[in-house]
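Undergrad: Residue numbers (full-length UniProt numbering), protein chains in the order written: chain A, 1 to 245; chain B, 1 to 245; chain C, 1 to 245; chain D, 1 to 245; chain E, 1 to 245; chain F, 1 to 245.
Treat the hints loosely; a few may be bogus.
Treat identical chains as interchangeable: a pair holds within one or across any two.
With a straight-line cut-off of 20 Å between C-alpha atoms, the simulated DMTMM-like cross-links for lysine to aspartate or glutamate are [to be verified]:
1. 156 to 90
2. 106 to 208
3. 106 to 10
4. 23 to 5
5. 53 to 110
6. 23 to 183
7. 106 to 46
8. 154 to 10
9. 23 to 35
10. 106 to 187
11. 152 to 78
12. 156 to 218
13. 149 to 10
14. 23 to 181
15. 23 to 76
16. 154 to 183
17. 53 to 18
18. 106 to 35
Hints are computed from structural coordinates only; laboratory data are not their basis.
Number of protein chains: 6
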Amino acid sequence: MSRIDGRTPEQLRPVTIERGWSKHAEGSVLVSFGDTKVLCTASVTEGVPRWRKGSGEGWITAEYAMLPRSTNTRGDREAVRGRIGGRTHEISRLIGRSLRAVVNLKALGENTVVLDCDVLQADGGTRTAAITGAYVALADAIAWAVDRKLVKPKAKPLDGTVSAVSVGIVDGVPLLDLCYEEDVRAETDMNVVCTGGGRFVEVQGTAEGTPFTRAELDSLLDLAVAGCAQLDGVQRRALGAIETA
Amino acid sequence: MSRIDGRTPEQLRPVTIERGWSKHAEGSVLVSFGDTKVLCTASVTEGVPRWRKGSGEGWITAEYAMLPRSTNTRGDREAVRGRIGGRTHEISRLIGRSLRAVVNLKALGENTVVLDCDVLQADGGTRTAAITGAYVALADAIAWAVDRKLVKPKAKPLDGTVSAVSVGIVDGVPLLDLCYEEDVRAETDMNVVCTGGGRFVEVQGTAEGTPFTRAELDSLLDLAVAGCAQLDGVQRRALGAIETA
Amino acid sequence: MSRIDGRTPEQLRPVTIERGWSKHAEGSVLVSFGDTKVLCTASVTEGVPRWRKGSGEGWITAEYAMLPRSTNTRGDREAVRGRIGGRTHEISRLIGRSLRAVVNLKALGENTVVLDCDVLQADGGTRTAAITGAYVALADAIAWAVDRKLVKPKAKPLDGTVSAVSVGIVDGVPLLDLCYEEDVRAETDMNVVCTGGGRFVEVQGTAEGTPFTRAELDSLLDLAVAGCAQLDGVQRRALGAIETA
Amino acid sequence: MSRIDGRTPEQLRPVTIERGWSKHAEGSVLVSFGDTKVLCTASVTEGVPRWRKGSGEGWITAEYAMLPRSTNTRGDREAVRGRIGGRTHEISRLIGRSLRAVVNLKALGENTVVLDCDVLQADGGTRTAAITGAYVALADAIAWAVDRKLVKPKAKPLDGTVSAVSVGIVDGVPLLDLCYEEDVRAETDMNVVCTGGGRFVEVQGTAEGTPFTRAELDSLLDLAVAGCAQLDGVQRRALGAIETA
Amino acid sequence: MSRIDGRTPEQLRPVTIERGWSKHAEGSVLVSFGDTKVLCTASVTEGVPRWRKGSGEGWITAEYAMLPRSTNTRGDREAVRGRIGGRTHEISRLIGRSLRAVVNLKALGENTVVLDCDVLQADGGTRTAAITGAYVALADAIAWAVDRKLVKPKAKPLDGTVSAVSVGIVDGVPLLDLCYEEDVRAETDMNVVCTGGGRFVEVQGTAEGTPFTRAELDSLLDLAVAGCAQLDGVQRRALGAIETA
Amino acid sequence: MSRIDGRTPEQLRPVTIERGWSKHAEGSVLVSFGDTKVLCTASVTEGVPRWRKGSGEGWITAEYAMLPRSTNTRGDREAVRGRIGGRTHEISRLIGRSLRAVVNLKALGENTVVLDCDVLQADGGTRTAAITGAYVALADAIAWAVDRKLVKPKAKPLDGTVSAVSVGIVDGVPLLDLCYEEDVRAETDMNVVCTGGGRFVEVQGTAEGTPFTRAELDSLLDLAVAGCAQLDGVQRRALGAIETA
């Protein structure tokens, strides 16, 4: 069986990571998973939120949002409605947790990095693209902070790498990296966040239609782990490309 | 190794489900998982939200909240702050999705059931207690709607049963149904929602500290499936107790 | 003439006060006036709001709310609407004022007690039940603060006792402690807050239909004073029951 | 004993009611109780709020607000804070209830009158001035509606007249119509709304310091009834002045 | 051609400025441009907003609002809607900028003046009346601050005078100081803020219908400059009237 | 004198307009004025807002926003703060008015076009870039609507073209198209919106420091008219490029 865009079940969409997209941010990336495009910026500030002051530890947080016409039908602007929706909250929290999993907050010192992930165009997998891109923006921002000596010499705030991918079951077949059309038809939908070492940071599986079996869950996890390993390679090449320049 | 409250790793806390708690609601339950107490009410109204009108299908939604002093330290009231927090949004959405997974919305007809899950006292596992209790309140509310002939005769809106439990790894040991003290110490924390038939509706695992391995994930899933099977029994007995009366 | 639930005009509904309902709060009470059930918790924190700092005096405040399905028809959640309604505001302020009337804020020192009164089930008289129950929760919280030496030895922050009851005229007859069905039919509705010594803290009378005469007002005040005297006894017994245990 | 401004205890401040203040509103009044000045406008619209449609009855509602610098110290604008405070809510509701008490909503037909009471300058008694002035604006608006035949011929939407005054105990002496300086020193503070016939529409008494006795309550009610009788005269003269013009 | 109210094209409406309107504010003015009436109060407080602390400079800000029934049809109260509309924001900012243009913030020292401009009755030109009136209120407030020695002796916080007027093209004819009926028919609408010396502080021209030519723009600017010169005279007479008293 | 980036006073920054940027929107443009980059999407929907229904006319509206890190220092997200700031409101309204000036709303029929202008990177002139880009996105969206026959054949909804540019006086020299560094140093700042025919749609000039003279205003207008004429050429080439493809 071939997929809507000709991919095999275990194939990612073309993934690109364009570093240094913004002239202002300490780290910035335009990440694409096929037609999904997310602008990720990392902003470093000295100091931490009030509840963390004096702890000697830093903080990493994230805010996700979609431009109103990033989707097929225009959505209301959350700023205009005056409140953030549940889905936005949920994804922002997921991105923040995922990145904190690979940061040594003590080594970061009392500095804060805010990751803004704004979806410019959506075609499924916006949260997984956001995590994958935000990691690279974060790595650049931390390198910037190290250069500026905001972080103590020899402290290594980054403990590892992290990427994310969606998987799902469509017409009974487990598929990697769903595009929007596949996503709406999926019976089960799962987002998996892995470290470069193949461990799990987050596993979020949801039965959209029929509840799923342990065997289905296992095959989805297999696909996701393999997909994250590929994304890890893309991240490393993106980071290397400029470092060697 | 014995747990803080003397349980074995695979043991649930005492679980009680008190039906008919409220004189007003079509279904109502006070559910306890140990010291966690959640009041779940199910409210039936004819009609559906605007975006669903004319579909011939019903709707199930949920709202979760914590009383300000349900926790050890008093939290601000979300109504006073003027906005619902991300965690509240996230859990409300989880409860709604979990219950919809076992409801045949077509059979429900254009009726809406709102599940309100208000945490009166919190000691870990409030969302899983809420799902487990809300299912029973929902079953009572649907029975009420069938009696009132809001639902077509012979239509069976309930496709199955659903319950939920938390699992986590504390000091390297996978534990079932974490109380608050265990929850804050857990390296990995997972909430699992299962049908009575042992299939998965939701799997949400999060590494709080070190990312977790596939083997750890597997052992947590085993614990959770066994825990949900026990909760399914508690639900059936609660529902049976009154039905046979 | 006998009332809807068989009471005489000057009879209270069964009133119960269950102390120590919550394991977390410094004081907590589940109070029932018939089918009206309100959970009152008292939370003690050191320090006072900014506008009171340095005054040497404490602060007592209250927040009242109804669970969405505490009533016959489900009400919208104020947190979801993003604003607190006028009635909620009004009752929260009334409860706070009523309790402050019997507290010596100087003796309390710079400590704050927040009374949360959440209506679990409503059948008329929720505000009067809340005041009556909150007084007991407050007394327990202050005893806790005295034990912890947050309050100076020999300081007696409690100046007296306070309770509240509703009265109204239904079909021309003055009645004590209206249930919901009586309340909606009342031509005049009054809430009276009295000290244990029979003095008035608040008198709030409203003509729902025809304006009322001085004679009617007088007979309502007589009923209310007698009702509060009975409630004072219930409070004393509730506080004594545990103290002697 | 003479009062701060030389009045006797049972004397009102100079009260003026200037009708036809606004060129736009169907009824409008600038009312002064001494230095307290409130602009009251009555706006008539055909139709009623959704929850009243088809009832055949009209609706009267009120909104009270203070200009930021109507007081001695500038207050934040509620529109800027994004929410209405409890006191504002409470007074708006009081004004609406007080006016509805003298309107036959059936005779009004499905029309709505909104009373806006904006305090231009505050010196105590703003809510009682607002009620007293709003009644006159309402009378003008209803006359306008009768002229335009929005109301059925011979229907008499106004059942009576209504006015309001504050009373309080200062240094042990019951005083009528407190100015701001007296208000802050009052041990007991009461707002009373009476019909022209001397019946009570609202009685709201609050112990600011020591709880008050039945005897004190009685003397305050006596003062208030006498004060409202005088205000009734001022209202009648204001309405007569133009009617005979 | 004569205008709707008989004026010539280059004629202002009757303009009055009543100083000392409020007993509380440090400066206060009731300004009328024909039937447009705006109450402007100036409130002085020691200190500046946080972002300006330690700068040694003061701050001037303004808040504009319309009473709900200042207009022909009642508008919703922004406090009730819970948010300030775009037009309100825009005009508040315009007033603040216009006044800051003639204030030497360094000479003011770390003091803040808030100008509240509340439209009591609207008939076109509310923002220009507000600026013109607010200038006079500001002058009084600054004189008050100088008297109280909040401002250093010999410092002269006021650099000049400022007034504003609207101009527009109606049926092809450039007109000064549009009333509401002219405003809605205008093809082009412009608000101009000038100093007493005839320089421009703000020029805001908008094509409501057909875009306008440079020649039209020039003739509107001519009219506006002449109008502001007249308003400058009115302001000087208002300020002089009391100073010489 | 040469400018910070080497331009002459009357020179625009490099301006690019990239059409068809988004796969979802009916019209979309990424416009750059130097380092200022704004994504403009035009969304067509059938129908108009409620207040316009039955008028036979269409509606054009705009929403402007900045990504949090489009600027040098990260700004708070307006959705998170829960309200839209005054500047955002003001610019959104300006963009909407500017585009409506060249649209024949009757010819558009009862269709709505929403222009979303999201600033991806800011370096001065974001509102003028937004207007200039949004015009092109609007032209594409209207062409789309004509193709789909949403608009009547032969109706020509576009009456002309519109573009915008900023001008200002820096160190006494009038400059065209200010970048951020020039903007903060400008004594006078003006945004001018012109039609392709050289008429004015909006003129908004503000004295940041010293008020400006008529001669200065004239020289700024000359610069702006010449700048808009160049932008008109860029727009035509961008639109032509694809049309001839």
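Undergrad: Evaluate each hint against the coordinates.
TA: Evaluation of the provided hints:
1. In the homo-oligomer, the alpha carbons of residue 156 and residue 90 never lie at most 20 Å apart, since the shortest distance is 29 Å inside one protomer and 33 Å across protomers.
2. Taking identical chains as interchangeable, the C-alpha atoms of residue 106 and residue 208 lie at most 20 Å apart only when they sit on different chains, with a minimum of 15 Å there against 40 Å within one chain.
3. For the identical chains of this complex, residue 106 and residue 10 are neighbours neither inside a copy (38 Å) nor across copies (34 Å), given an alpha-carbon limit of 20 Å.
4. When the C-alpha separation of residue 23 and residue 5 is checked against a cutoff of 20 Å, the pair qualifies only between copies, where the shortest distance is 16 Å, while the shortest distance within a copy is 35 Å.
5. In this assembly of identical chains, residue 53 and residue 110 lie within 20 Å of each other by CA distance solely inside one copy; the values are 8 Å within and 24 Å between copies.
6. Taking CA atoms no more than 20 Å apart as the test, residue 23 paired with residue 183 passes between copies only; the shortest distance there is 18 Å, against 34 Å inside one copy.
7. Only within a single protomer do residue 106 and residue 46 lie at most 20 Å apart by alpha-carbon distance; the minimum there is 14 Å, versus 30 Å between protomers.
8. Taking CA atoms no more than 20 Å apart as the test, residue 154 paired with residue 10 passes in neither setting, with 40 Å inside one copy and 43 Å between copies.
9. Only between protomers do residue 23 and residue 35 lie at most 20 Å apart by alpha-carbon distance; the minimum there is 8 Å, versus 24 Å within a single protomer.
10. Proximity of residue 106 and residue 187 under a CA criterion of 20 Å is satisfied inter-copy only: 17 Å between copies versus 42 Å inside one chain copy.
11. In this assembly of identical chains, residue 152 and residue 78 lie within 20 Å of each other by CA distance neither inside one copy nor across copies; the values are 39 Å within and 34 Å between.
12. Within a single copy, residue 156 and residue 218 get their C-alpha atoms no closer than 34 Å, and across copies no closer than 32 Å, so neither meets the 20 Å cut-off.
13. Taking identical chains as interchangeable, the C-alpha atoms of residue 149 and residue 10 are never at most 20 Å apart, the minima being 43 Å within one chain and 42 Å between chains.
14. With identical chains, the CA atoms of residue 23 and residue 181 are at most 20 Å apart between copies only, with a shortest distance of 14 Å across copies and 35 Å within one.
15. In this homomeric assembly, residue 23 and residue 76 come within 20 Å of each other (Cα to Cα) only across copies, at 19 Å, whereas the closest approach inside a single copy is 29 Å.
16. For the homomeric pair residue 154 and residue 183, neither the shortest alpha-carbon distance inside one copy (44 Å) nor that between copies (33 Å) is at most 20 Å.
17. In the homo-oligomer, the alpha carbons of residue 53 and residue 18 never lie at most 20 Å apart, since the shortest distance is 35 Å inside one protomer and 41 Å across protomers.
18. Neither within a single protomer nor between protomers do residue 106 and residue 35 lie at most 20 Å apart by alpha-carbon distance, with minima of 38 Å and 34 Å respectively.
When the structure is compared with the earlier hints, violations turn up for hints 1, 3, 8, 11, 12, 13, 16, 17, 18 and for no others.
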